[in-house]
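Novice: In case you want the letters, here they are:
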Amino acid sequence: MKSILTIAGLCCLVLCFAAIAADAAELTTLRQDSGKNYSEMNFTLFSSFETFGSLNVGEAVKFTAPKPGWKLKAVRVVGWSGFNETTQTFPMDRNIMIEVRDSDLNLLYKFADAQNNYFLSSKGPRIAEFEIPALALTGDFYVVFYDRGAAGIGVETSEGTGSSFLFIDGEMVPPEDVFDQNETVQLNWLIEAAGN
Amino acid sequence: MKSILFKAAVLCLLALSMGGISAGADTASSENQVLKSYEGNLSEKQIIPISLISLYGDPAFFFAEAVKFTAPKTGWKVNAVQFYGSDGYNGSDETIPVERVIGLEIRDKDLNLLYKFADSQIPYSNYVRNATGINPITIEIPSVSVSGDFYVCLYDRGAIEIASERLNEFSKNSFMYIEDGMPSTEQLLPAGIPVNQSATIPINWLMNVVGS
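Line by line, the protein sequences give chains A and B. Numbered by the numbering used here, the letters in the first sequence go through residues -18 to 177 in order. Numbered by the numbering used here, the letters in the second sequence go through residues 26 to 237 in order.
The hints are simulated quantities; they were obtained by calculation from the structure and are not laboratory data. Hints are all accurate, no fakes.
Among chain A residues calculated to face chain B with C-beta under 10 Å, some are:
#1 LYS54
#2 ALA55
#3 MET73
#4 ASP74
#5 ASN76
#6 ALA93
#7 ASP94
#8 ALA95
#9 ASN97
#10 ASN98
#11 LEU101
#12 GLU110
#13 GLU112
#14 ILE113
#15 PRO114
#16 ALA115
Quick list of in silico lysine-lysine cross-link-like pairs, BS3-like style, CA-CA up to 30 Å:
#17 B:LYS102 with A:LYS54
#18 A:LYS54 with A:LYS104
#19 B:LYS141 with A:LYS48
#20 B:LYS93 with A:LYS52
#21 B:LYS93 with B:LYS197
#22 A:LYS17 with A:LYS54
#23 B:LYS93 with A:LYS91
Beta carbons are placed, not taken as given, at the ideal position from N, Cα and C, and that holds for glycine.
Next up, chain A with everything else stripped away, as it sits in the complex (with noise of 0.2 Å):
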């Protein structure tokens, strides 16, 4: 029964999958991980929260606009805020933010709203997406994620592509930096960016 179960959840995962590509499919997505196929990536859930006690640390990932004045009006999210298996319920509403910084870390966009609206599954980490209005960028910028505990980020902890950073601060700093000083952390978030 239990398998039949995970059997279903996969084919449910897949299916979201194959719904978000669909809709991928009018605006160009950037990834800054390994690229790989979520469902055959390896990959865990990670919280600054839970790691650093702090509401005000985000997990970031730098992107470049494929064009002068592209527009981001979407960024997504691999992540979970979990689900009790013995009392069958799910976590109580708790708040995630998003920010965009351009290339300076100037604010472009923030927005803050309960985990529960994106990251509700019983079945394990979705893709939760933020639609975004609109938003003009040239260059690099900056997708920031605050999980404050709410809802635990994908992260990749090999083929790092050296985007991915922790905002503390008002600052972009390198995972190696926070983590382990004597050796280059292999990470990514599994954030994505996707606009035309």
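On the provided structure of chain A, position chain B as indicated by the hints.
Specialist: Relative to the frame of chain A, chain B by itself:
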């Protein structure tokens, strides 16, 4: 000066709402205009409070009460949205509402997102004013420029019951907006209360938009 006029308009709107709005109250000040989703006097209407969560369950986290308005001129600026609702507080400690997050969007005629806002329902709804029953809920927004038809979408998420009125036939301006990615072929469905598999009662969301 503009800010004072705007505040005066919102206060005027609130006062009108509390006392019953007259059908012709479309101009709140010399600059601001009020667009209404309904005709007639609110105090004479039989108001039906509805939460989409209570009608459709968890999927309705991604459904919104939506009203189509038409901007009076090109580049008209939306400054506030007002709807009517209740957070369930009836004066007893047992009904003090649990804090939840509601969402508000403004979309153009093609449903492109122009503005999005989410916040706790508490600062806006009746409990914070120690009021009970249906009350006006006003959300000020940064000026959003709209032209032609545009939509205001409200995600009640079970935090607030939204006031509606019963109609004899489906409204051409009141809808249920289904978020992109949900399994629905249509993003806008006529606003209604499903009675059974084949019958739906048409309704109209009671909403105002203030702009200039």
